[in-house]
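*Asks:* So the chains spell out like this:
There are 4 protein chains.
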Amino acid sequence: MLQHTTQVRVRYAETDQMGVVYHANYVVWMEVGRVEAMRAAGLNYAEMEREGIRVAVLGVELQYKAAARYDDLVDITARVVEVQSRMMRIEYDIHRAADGQLLAQGATKHLFVNLDLKPIRCPEKYYAVFAGAACTNT
Amino acid sequence: MLQHTTQVRVRYAETDQMGVVYHANYVVWMEVGRVEAMRAAGLNYAEMEREGIRVAVLGVELQYKAAARYDDLVDITARVVEVQSRMMRIEYDIHRAADGQLLAQGATKHLFVNLDLKPIRCPEKYYAVFAGAACTNT
Amino acid sequence: MLQHTTQVRVRYAETDQMGVVYHANYVVWMEVGRVEAMRAAGLNYAEMEREGIRVAVLGVELQYKAAARYDDLVDITARVVEVQSRMMRIEYDIHRAADGQLLAQGATKHLFVNLDLKPIRCPEKYYAVFAGAACTNT
Amino acid sequence: MLQHTTQVRVRYAETDQMGVVYHANYVVWMEVGRVEAMRAAGLNYAEMEREGIRVAVLGVELQYKAAARYDDLVDITARVVEVQSRMMRIEYDIHRAADGQLLAQGATKHLFVNLDLKPIRCPEKYYAVFAGAACTNT
Chain A
25 MLQHTTQVRV
35 RYAETDQMGV
45 VYHANYVVWM
55 EVGRVEAMRA
65 AGLNYAEMER
75 EGIRVAVLGV
85 ELQYKAAARY
95 DDLVDITARV
105 VEVQSRMMRI
115 EYDIHRAADG
125 QLLAQGATKH
135 LFVNLDLKPI
145 RCPEKYYAVF
155 AGAACTNT
Chain B
25 MLQHTTQVRV
35 RYAETDQMGV
45 VYHANYVVWM
55 EVGRVEAMRA
65 AGLNYAEMER
75 EGIRVAVLGV
85 ELQYKAAARY
95 DDLVDITARV
105 VEVQSRMMRI
115 EYDIHRAADG
125 QLLAQGATKH
135 LFVNLDLKPI
145 RCPEKYYAVF
155 AGAACTNT
Chain C
25 MLQHTTQVRV
35 RYAETDQMGV
45 VYHANYVVWM
55 EVGRVEAMRA
65 AGLNYAEMER
75 EGIRVAVLGV
85 ELQYKAAARY
95 DDLVDITARV
105 VEVQSRMMRI
115 EYDIHRAADG
125 QLLAQGATKH
135 LFVNLDLKPI
145 RCPEKYYAVF
155 AGAACTNT
Chain D
25 MLQHTTQVRV
35 RYAETDQMGV
45 VYHANYVVWM
55 EVGRVEAMRA
65 AGLNYAEMER
75 EGIRVAVLGV
85 ELQYKAAARY
95 DDLVDITARV
105 VEVQSRMMRI
115 EYDIHRAADG
125 QLLAQGATKH
135 LFVNLDLKPI
145 RCPEKYYAVF
155 AGAACTNT
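Chains as they are written, first to last, in my numbering: chain A, 25 to 162; chain B, 25 to 162; chain C, 25 to 162; chain D, 25 to 162.
These aren't lab readings, by the way, just hints derived from the structure by calculation.
All the given hints hold, so there is nothing to weed out.
Repeated chains share a single entry, so a pair holds when one copy, or any two copies, can fit it.
Below, simulated DSS-like cross-link-like pairs (lysine-lysine); rule was C-alpha separation at most 30 Å, straight line:
| no. | residue 1 | residue 2 |
| --- | --- | --- |
| 1 | Lys89 | Lys133 |
| 2 | Lys149 | Lys89 |
| 3 | Lys149 | Lys133 |
None of these values were measured; they are calculated from a predicted model.
With the hints as constraints, model all of the structure from the sequences given.
*Replies:* See below:
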């Protein structure tokens, strides 16, 4: 199973006037986490795009458990949990590094598309990596 | 039922190199939509916060249906669908104004908290508005 | 002189833990202000880009005078102050609508480029609008 | 002279439909760069804020030289160039790590303020670090 953890440090720009990280920024962190998970599996997403394959986002789910705060080091764990020829599902756990506190859990669902954003089958060389990496593939 | 539609115009800052709106920005738009829905029901969220009540985000769900693009006018419809003494659920439909195309559907779940982010019961004067406005309340 | 004022409402996403608008967001507001100033002069920036002309940003200057806060209505005034065949300078005043308080002043310098981001002469039909609109043009 | 270089990787969220990094994001990177420069000098900005001292932004200047692109590793060099009892000026060079290409140069001017955002003299223990670190101090 492709599972990889990436660390980010909370930027001031990511906080809001509640004194915590603004909730939409976790969606950005999930993107950072999945791109680094792909890189760890040998897939460079920037190159995939240059070859004409995009991994569009079909859906996002997020449950917030505790607040991340400014300057926290945050560990984003991304796992490819399902891959099909046209779709992929990735799950995420986000923890504060200092104390291991779970901050959020989430998932994203993706569609493979071409540069015109039309759905396509994932090319074999990418599929093999994702499918080999995923828990479930059909 | 409290349901209100707010319009935003897509900013260049909100696009990404796919040539469409970056997906996390819909989460920001949902925030804009619910604040304007509250305002339409007579609740000023900025004042609520000054009185010590915050509406924290517990969860977010989003399904993307079509891509919003730069300069599109986008209609964000927010509906309070459930209110409890400590929680609230709001649903959203996001359409392109020009052609009515559904762009995304989503929901957010909220917890009423104090300035220290501790859960509290929603004060009656706010509850009455949300509950009167919601489809379901318990 | 092309001068136009656009209003935005401060989003929660735009605040930071200082309890005010995060300073980089004024750069986004300047973009909103200049695009609306172009629209007011009959130029649709989205169409310009579809025709292959981009207005790239060469430089930004900003002086902050007072803090914008969540839910403030903010007036962004953009003025084209200089247009040349390859460049353009725009100045901005940003005020709080409620009390007229000056929040920030700034300027952006722009280069006309093609889709490959190579510098080009501004096509006559756009130049005429900018130059007719600007205080100074050479 | 306090000078420190921090590296960030360009996030997809930071790109725009020109296919390059949206210009306002360099302002966020400058913030990341100066916070890490402070940390390198033994100052933790999060702790400064907890002690009631904030480093507000009075002004920003930025000149863009070349475009940063998705997935680029970017080196942000921040230098404290002037410190006074109430103000500080920091300069920045931003390069692409892969080829050393200069992407942008800029500066920020800062005011020391308390939690109510009122100007204050920088406490001695912080001043000593900044002033010892700066090229010029008065």
